[in-house]
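Asker: Generate coordinates for the entire structure from the input sequences, incorporating the hints supplied.
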Amino acid sequence: MTALADPSAEGRFGEFGGQFVPETLVPACQELERAFHEAWNDPDFRNELGRLQREYAGRPSILTECHNLGRQLGIRLILKREDLNHTGSHKINNVLGQALLAKRMGKKRFIAETGAGQHGVASATAAALLGLQCKVYMGAVDVERQALNVFRMRLLGAEVEAAQSGSRTLKDAVNEAMRDWVASVEHSYYCIGSVMGPHPYPFIVRQFQSVIGEEARVQVRELTGADPDVVTACVGGGSNAMGIFSGFVDTRARLVGVEPAGGAAVGRGVPGVVHGMKSYLMQDEEGQVQEAHSISAGLDYPGVGPEHSYLASIGRAEYPSVTDEEVIAGFHYLCRTEGIIPALECAHVVAWISREAPNMQGATVLMNLSGRGDKDVAQMMQILGPTLGEANV
Amino acid sequence: MIPLEVHLRARRDGGRKILVPYITGGVEHWQDAVRAAVANGADAIEIGIPFSDPVMDGPVIQRASREALLRGATLHLILDGVRSLDVGVPLVVMCYYNTVFRAGHERFARMLSSAGVSGAIVPDLPLEESAEWCVTADAADVATVMLAAPTAPDERLPRIAARSRGFVYAVGLLGVTGERETLSASATAIAGRVKGVTDLPVLVGVGISDARQAGQACAVADGVIQGASVMRRLLDEGVESVGNYVAQVREAIDE
Ligand SMILES: Cc1ncc(COP(=O)(O)O)c(C=O)c1O
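As they're listed, the protein sequences go chains A and B.
Under the working numbering, think of the first position of the first sequence as 1, with each following residue one higher.
Under the working numbering, think of the first position of the second sequence as 1, with each following residue one higher.
Quick caveat, the hints were computed from the structure, so don't treat them as lab data.
A couple of the hints might just be wrong.
[What the hints assert, rightly or not] Label pairs and their calculated CB-CB ranges: (1) A:Leu148 - B:Glu132: 45 to 51 Å; (2) A:Glu15 - B:Ala10: 52 to 58 Å; (3) B:Ser114 - A:Asp250: 49 to 55 Å; (4) A:Gln382 - B:Arg163: 50 to 56 Å; (5) A:Asn47 - B:Ala185: 38 to 44 Å; (6) B:Ala185 - A:His37: 29 to 35 Å; (7) A:Gln164 - B:Ala185: 29 to 35 Å; (8) B:Gly196 - A:Ala140: 43 to 49 Å; (9) A:His37 - B:Ala131: 20 to 26 Å; (10) B:Arg71 - A:Arg51: 36 to 42 Å; (11) B:Arg71 - A:Arg71: 55 to 61 Å; (12) A:Glu55 - B:Arg71: 38 to 44 Å.
The beta carbon of each residue, even a glycine, is placed where N, CA and C say it ideally should be.
Answerer: This is how it looks when you write it as structure tokens:
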């Protein structure tokens, strides 16, 4: 069980969160909250979810200690291997939970937004498994840079629609998914892919991702005999970070969420309201939401989940950012020293750890490796050239 | 500032159906479009404040918002434009909540009232989140119009109506703004349900797409709000087309 607090009755974490949705969706959010609480407290539901996590997703995910990197950086570095889950990222944890919930609520149609495509692939996968009709919205820019994942979703029987509005990335995919949901709310379930959106989503997604932190807490103690000094993960909406933080929020560990410099909602944003939630948001003086710019489609988002805003506001977690250049270097570094090709999202964390290592000498650092890099290989080949040329580090 | 509720009640009680065209502030010729709509029979005007992420809007109003923002529209410029309109009917702004939140409730309410705006519609501020803003708006004599959606259970409607000022905005269908071939059955259904719980004027908006549909909706509702059908004409055809269209709708609902 996580030591994180439940949100208030109004769906708030401190001043953040809430349910800023059109009237049309209020009854659906309320129904979802009731259905989730019933399911979460129902042993049959939890058993079924546990069975799918084990037999389908491959949980528990293992820990890998990075001896080479650790030696070079002067730290003890441990990875939580969410990249080894079925479909290649932590997204499956949340999606299996929400898909079971959708079935239980009698919904036939499953809508999702996706950035890097990992949540879309996980949604298409769960929909195929559980017999739901699946529709995925993805920004047109991301459809291009994550083409492999688009094809994967189609193989799995999902319909993928490119969002052409705004920055044509994750933010706009969320807008399109919400527009669909407003029109289809009676028979469709909206499966949000991160700890964001209106209450109760940030809470539901966190609960479904808390399995990461729960497992890791026990595993790290088995491995090292103690809790880690630092727990770190990348932050787009913040679900993989919330998942691993949930296991350590009541320890003395430093909690670090790494944001991309071009999408640093906590680092550069101010409180705002979009996509149903009050949270830190990159916006201008008039409240127009700014477009994020990140090499990584999964983190290319100007907002962040409200519980992260809360943890930042009370000083429990910190949210540094790294540049695209540092990310590319971090990506290479993990490939070459450990033989692990990370998702570009996770390369942000490697970049931060490398930069911060001089200040963490001797520390045990637990990093959530939220996904594998297969989806990014084509994009990296474009950026670096097929022979790696001068970028060969 | 013309008091919204007094004005609309007077028109309704005089046997007139209420017509409220929507115009996105900041698009080319928007002020002329407001004047043309009033000259052709509008009883009030809804002025859209463009937002980067309009989740309740379909393609036409999304396009209008984007064009307005690209032309440099800001809240201040639009309210300056509103102040100079002086068209003799109430003006109500439609804006997403982040516009209100970013400005600050009190400051936003003051900005509206000093620009002569009578009311505000905030489509992503549902009942449960509205209390703080509504109290501030009440104090500034800005009427906050609440929305009632087809998905609302019966017990919710009286609470929405009680919190609403000026009129109640009955959402005509499940979905975002935009034109549809036929009037959704949910339009008259929700209008009837809301009228059953309040004496405030009840206007139907979202999906009222032409003069005929407006007439059908007015068989039950006290009036209609028309957005996408107006904005498509303004963006593609110009101000004169807006005037002609409003006149057509006026005729249809007067029958
Ligand atoms: C591997 C991976 N990590 C992280 C993210 C970002 O999401 P979140 O911040 O919710 O974990 C994504 C999103 O696509 C992802 O694919």
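Asker: Decide, hint by hint, whether the structure agrees.
Answerer: Hints, verified against the model:
1. A:Leu148 - B:Glu132: 45 to 51 Å: holds (47 Å)
2. A:Glu15 - B:Ala10: 52 to 58 Å: Between glutamate 15 (chain A) and alanine 10 (chain B), where Cβ atoms are some 42 Å apart, the hint is violated.
3. B:Ser114 - A:Asp250: 49 to 55 Å: holds (51 Å)
4. A:Gln382 - B:Arg163: 50 to 56 Å: holds (54 Å)
5. A:Asn47 - B:Ala185: 38 to 44 Å: Holds: the Cβ-Cβ distance is about 43 Å, inside 38 to 44 Å.
6. B:Ala185 - A:His37: 29 to 35 Å: At roughly 34 Å between Cβ atoms, histidine 37 (chain A) and alanine 185 (chain B) fall inside 29 to 35 Å, so the hint holds.
7. A:Gln164 - B:Ala185: 29 to 35 Å: holds (31 Å)
8. B:Gly196 - A:Ala140: 43 to 49 Å: At roughly 45 Å between Cβ atoms, alanine 140 (chain A) and glycine 196 (chain B) fall inside 43 to 49 Å, so the hint holds.
9. A:His37 - B:Ala131: 20 to 26 Å: holds (25 Å)
10. B:Arg71 - A:Arg51: 36 to 42 Å: violated (57 Å)
11. B:Arg71 - A:Arg71: 55 to 61 Å: holds (58 Å)
12. A:Glu55 - B:Arg71: 38 to 44 Å: violated (57 Å)
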